[in-house]
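Starting from the structure of chain A, add chain B where the hints point.
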Amino acid sequence: MSTTPRILPKGVSEADFDAALARFREILGADGVLTESDQLAPYTKIMMAGDDADYIPSAALLPTTTEQVQGIVRTCNEYKVPIWTISTGKNLGYGSAAPGETGQVMLDMHRMNRILDVDPDVCTALLEPGVTYQQLYDHIQEKGYKLWLDPPAPSAIAGPVGNTLDRGVGYTPYGEHFMFQCGMEVVLANGEVVRTGMGGIENSSSWQVFKWGYGPYIDGLFTQSNYGIVTKMGLWLMPEPPAYRPFIIQYQDPEDIEEIVDVLRPLRIAQIIPNAVVIVHTLWDAGTHVVRKDYYDGSDSIPREAIERIKADEGIGEWNVYAALYGTPEQIEVNWKIVEQAFGASGKAKIMYGEEAEQRGGGFEYRSALMKGDMNLQEFGLYNWRGGGGSMWFAPVSQAKGSETKDQTELAQQILGKYGFDYVAEYIVGWRDMHHVIDLLYNRQDPEETQRAHDCFAELIDEFAKRGYGLYRTNTEFMEQVAGTFGEPLREVHKTLKNALDPNGILSPGKSGIRQ
Amino acid sequence: MKLTRRQLLQNGLLLGASAPLSLGAAWAADSGLAPSPVHGPIRLYGVDRSATELGLGLRQQGWEPRYEGRLDPLALNMLPAGSLATGFTDEAGLVLLTSLLAGRGRVLALGLHEAGRHRLLSHRGPMVEPLAVSAGSWQAALGREYARLAQVEGVGRHVREVERTPDAATSATELSFLVRL
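Chains as they are written, first to last, in full-length UniProt numbering: chain A, 1 to 516; chain B, 1 to 181.
Please keep in mind that the hints were generated in silico from the structure rather than gathered at the bench.
Built from N, CA and C at the ideal position, the CB exists for glycine as well.
A couple of the hints might just be wrong.
Here are a few chain A residues that sit away from chain B, every Cβ distance over 12 Å (derived from the structure) [to be verified]:
id	residue
1	L8
2	M47
3	R114
4	P120
5	E240
6	Q271
7	S346
8	E365
9	K406
10	E448
11	K466
Which residues of chain A face chain B? A partial, calculated answer using Cβ under 8 Å [to be verified]:
id	residue
12	L62
13	N113
14	G381
15	G387
16	Q445
Bound conformation, chain A alone (with noise of 0.2 Å):
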């Protein structure tokens, strides 16, 4: 039998925490205050390969205004008390709503849930961090805007600020989430607040449709860092378009992503493709609804057998890519002759649509979902796969290029297959590059197989770096590692603006490897 003992912000004396939380209380009233075991456990629940023991928050702070959060970092001062924020707390392959580091008090944002505008007309809109992507759906059908969203899988409880500034993607043409950012309210380390772009102007109509502002463009600061905490973010909407086609095209053969991706890359430039384009193997297509025993016990990597049966019962390719035309109906029909031609032209590809697609197996309805801007939690299934609660996102950035994602895969499948890990993972195709989302599924309740998903997580980082792949975002575990593999330079340059923004290092200390 075991017991915690009470957990404490490192360096920070009893005495001086015991103050600072009734500092806290008095600005955000005793229910925002949270210090007991049992309402703290939601924000111990991890998925990546830690020991549990470090990554123990030792309170939870729940602000419901600007100004709160402007009073909570003034006591976090005053008493060195390091805080991690979080949003909605969804972000589940990336470290969920756990600290970076045991003893951090958790600032969790989810109460400013405030939608403060939304704009049919320049289809924009302005949140509160705590707003979640079924909260802004409801919101806008209950209004009857012809807006869409752009959800990542998880969707309905994640939110669209959290999303952005961790720089997720989502699968409409509105996918690179923080290319549609504009705007920000944020409170400084010191408890100031600075308003980006256009916001500086008082009364400024202009702050949700121009990002840049004058003088150098800043917004890009606090997205994955710990330079200021956002509360207040500005979103470009997706006008609703007249037509919708979504459609799938099945690969069969493992070789046949370099052909995908050499076919799909100049119909995404030229935007014939608008959408981001997912390539969805065979085990992540199937991993949402499919149990991995009903096809093989062992404990190493599925084999091909194994594959080769799943795709036959489920129905679905080795290569499974889902994207949408959107238009006017004469558009898409001028566009899906475009489409057609080009994956046709081998001979290769199974090109459906419509009712023929809804009729196959694997993940077309979500999908269809997804790329429209609708909600679903279809993506959780995965968690079922191989069970035992791990699940880590590996996610390095490529070229769309045939050559690079061959390159990725046949890398990834080695390090994985090493490990005894399976190969799911999707391609997520932008304008020029791709990210490649491999989703490594482990057992954290097995102590040896919780040590190897850390050794192969490792491995691939260190293994992609080194030829030339970098990850666009990982989990806390890991974050000093990939920071590591972006050089000295950058890093020199994170840590002086830490030290002049936050010389205390009280905001997320650790996150994306930066501290003072």
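Same frame as chain A, but now just chain B:
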């Protein structure tokens, strides 16, 4: 496996006029249930025998389990503050459940029940029931333990591992939870 009507009746989980009171009373007499619930309702989630047995254990300790079917964590948001919920779910359900409770509720206890062992995490002090099958199923014993923890006021995180006696479904891993919104 879905719960059969008979199983639902056995544990008083089928509500409304379709559950004959006399039949329910007869089952209650056979199962060592408390004569009438004294602690109030508790939402019960799950779709197989484990949920049935968990409900039995809760009723034996005077709770009134209300069977809700498969866990939909999003539906928990609709429940009034202070509501208790328990049951079994899968990995995806547990991830969603714990995630949604952040800042909104309390995790009183979690259980990992796998081949050879039960791993029990309590935030309401130590778990004391051995989950022995001598007094029925381990799930019913877990229900009695969760019934007790639901009433404990003191807090404190305790982890305990106990041997899982081999049974018919001994290789199946199950995840249980007890939460308060």
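Evaluation of the provided hints:
1. L8: 15 Å, holds
2. M47: 7 Å, violated
3. R114: Answer for A:R114: holds, closest chain B Cβ roughly 16 Å.
4. P120: 27 Å, holds
5. E240: 25 Å, holds
6. Q271: About 35 Å separates A:Q271 from the closest Cβ of chain B, which puts it past 12 Å; holds.
7. S346: At about 37 Å from chain B, A:S346 clears the 12 Å cut-off, so the statement holds.
8. E365: 17 Å, holds
9. K406: 32 Å, holds
10. E448: Correct as stated: the minimum Cβ-Cβ distance to chain B is 15 Å, above 12 Å.
11. K466: At about 33 Å from chain B, A:K466 clears the 12 Å cut-off, so the statement holds.
12. L62: Given a least distance of 5 Å, the restraint on A:L62 holds.
13. N113: 11 Å, violated
14. G381: Interface hint status for A:G381: holds (6 Å vs cutoff 8 Å).
15. G387: Hint holds; A:G387 Cβ to chain B Cβ min 6 Å, cut 8 Å.
16. Q445: Holds, about 6 Å.
In this structure, the hints that do not hold are numbers 2, 13, in rising order.
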